[in-house]
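**Q** The residues making up each chain are set out below.
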Amino acid sequence: MPAIAVDAMGGQHAPEAVVQGVAEVSLHTGIECVLVGDGARIQQLLEGIAYNPEHIDIVHAGETIGLDEDPGEAIRHKHDASLLAAIRLVARGRCAAVVTAGNAGAAILGGLREFAQLPGVRKVAMASVYPRNVDHPGQDPLALALDVGATVRCEPLDLVQFAVMGAAYARVISKVEAPRVALLNMGHDAGQGGAELAAAHRQLAALAGLNFVGNIEGNELTSGKADVVVCEGLLGNIVLRLLESVASMAVDLTVSTAQRNWRWRAGMAMLASGSDRLRALADYASYGGAPILGLEHLLIKAHRRSNAQSIANAVKVAAKAVRDGVMREVAAAIAASGTQVERKRSRR
Amino acid sequence: MSATERLVFRWDLDKTYLKSEFETLREMMRIPFEKAEDKIAAPGVAALIRGLREAALSRGRSVRVYFISASPPQIGRAIRRKLELDGIVYDGIVFKDQLHRLMRGKFRHLREHIGYKLTELFKARVAESPGSAEYLFGDDWESDPLIYSLYADVVAGRVDAVELEALLRAMRVDTPLIAEARTLAAALEPADAVRRIFINLERPTPPAQLRGYGARLVPTFNYLQTAACLYEDDVMSPAGVIQVARSLLDDSAYSPERLTNSLADIERRGHLTPAAHAALRQALTAAGLLAAPARPSLSERWRRWRRRRQEPARPVARLPAIDYRTMVGLQVPADAATE
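Chains A and B are the protein sequences, given in the same order. For the first sequence, counting from 1, position 339 maps to 339 in the numbering used here; every step adds exactly one. For the second sequence, counting from 1, position 46 maps to 46 in the numbering used here; every step adds exactly one.
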């Protein structure tokens, strides 16, 4: 199987967590990874932990794009940045997918610069996974939301294309025959949310081959009613951050409450496995990553706070997506949907 | 290295030559009942040993291959048969007479590894011609890095009998074995005989943990890495390295990418020069075992050139001398914890 390029310098805990995550993958799977970044530093870190060198290559890149750097400026001036070097490895066929926990904006711009967009896709969407209740046994405990920040304002057609791409991705990764797709809105009525959302609802409902279940409200996001939730980037980003902060607040509250008196502490001790589960659910960084859809190659964006385990999970998601031909599925779904538009100018 | 000096290759058996499984009591109990056909050699090791002998003989060098095992002589028959099946020509094999020790009530000897192995190595060295060069092969399961390094430094005269005794006492080696080791060490003619020590990272131990043993000790993840370093030392021919690579590809389901990554890793760790790496890659590519590397774009070549100017290759830190007291200090609590 072709290799996965991993941006070793991207993320709050990089390069340590990234190198550790890839080392874990090298010991327990046959996935080949190419760590891209400061070669000497990566090698030094690897030598201090258990790893299998047969599954790891290192490509040196002399620059790093910081998490808070301006993405446009960074892409323009840092040609030897680890993120761009990793993306180039995929563009040139050395690797099959990229994983980064680094600057999201730079990942999107880098992807747009080095990869071609999928034919007929107007805008790219950044997806994210989040925990939700399951309605039935075997249902994936994670749902997919897109867009969460790549395209701030969307036209109805963009939302339709996001739905098609998200459904194709979920079909392969979550193994759901017909993923339920919903449009995030302020009510269930098809006409609510303004002209653009109403038009998107109309087009989604009319689209053959898409299991569109209508609008979904904010309080239903975690209910398990939808496998794929579609929204514009601004809203998606706010919702995702809100979910993260609520989950983290719940954990903090539980801990601080338990510290107040011994009876609550005893109660908490009895509920230890439950609170551990809550903590695990609230740990968004551990979910691995989700794709930036709309590009011809796979780019997995992991959470900026990713630890070694989440990097390992993101690499496994990327390898699974490559093995199962996700990008082929997404391209075929877009082609079959009849939603393609002709772009005036495309890269490459 | 002189072309006329004898080459001696000393091999540990379990976890170095054989992929022995003795992590559980059940696996340990199974070993004496295994037939030669059941025993599995580590990927590429048989091709490596054959290649070493062929390379030496083709250059008119005298060569000796010895095995040293902590297994009881009762399994010797199966082991000898296994070596025969693998086409290994060897000059001696030593087993630990566990039953004899057990009958003498020396239960602690069953676990005593350092004293046993060190004295056996000294005995072998006393019988060897003083001018011979040695390569030692072990693993990261017991104390091979410490035993082999100590052996090399005693043979070289860098560790004297007094220091040896103090170290063995710190390692709680049985008193008669300490006395025997001292006597044997005193009989050695000092010679810097041990060229390299290869430690097969079977567990796998992080290589940095073995850095204290200096550049003479090379932790390797597979036998292609070992073969590459031996090629660099001019005791293995390119054809021998190709045979090891072919064995990994054909018998152990390695991919060309895994071989490529292995060579790059051993170079990055400073045990293989870029020139030797390039020569081996060329030989392996010419043999059809590795894909020819894609020609990098002009911008990529420019980036690499700039990088090479900025960052010289990192050599492995060459320590002036091994601090055995620290090593032993580290060793004792670890052993005590497992007893």
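I should point out that these hints are in silico values taken from the structure, not numbers from a laboratory. Treat the hints with care, as some may be off.
Cβ-to-Cβ under 10 Å is the rule here; a few derived chain B residues that face chain A [said to hold, decoys possible]:
#1 P206
#2 P207
#3 R268
#4 A283
#5 A287
#6 S297
#7 R301
#8 R306
Just a sample of chain B residues kept apart from chain A, beta carbon distances all over 12 Å, derived [stated by the list, open to error]:
#9 I40
#10 R53
#11 V89
#12 V126
#13 G131
#14 A186
#15 P204
#16 I242
#17 D265
C-beta: ideal position from N, C-alpha, C; glycine also.
**Q** Quick one: which hint numbers does this structure break? Sort them smallest to largest.
**A** Numbers 4, 5, 7, 15, 17 - these are the hints that the structure violates, sorted from lowest upward.
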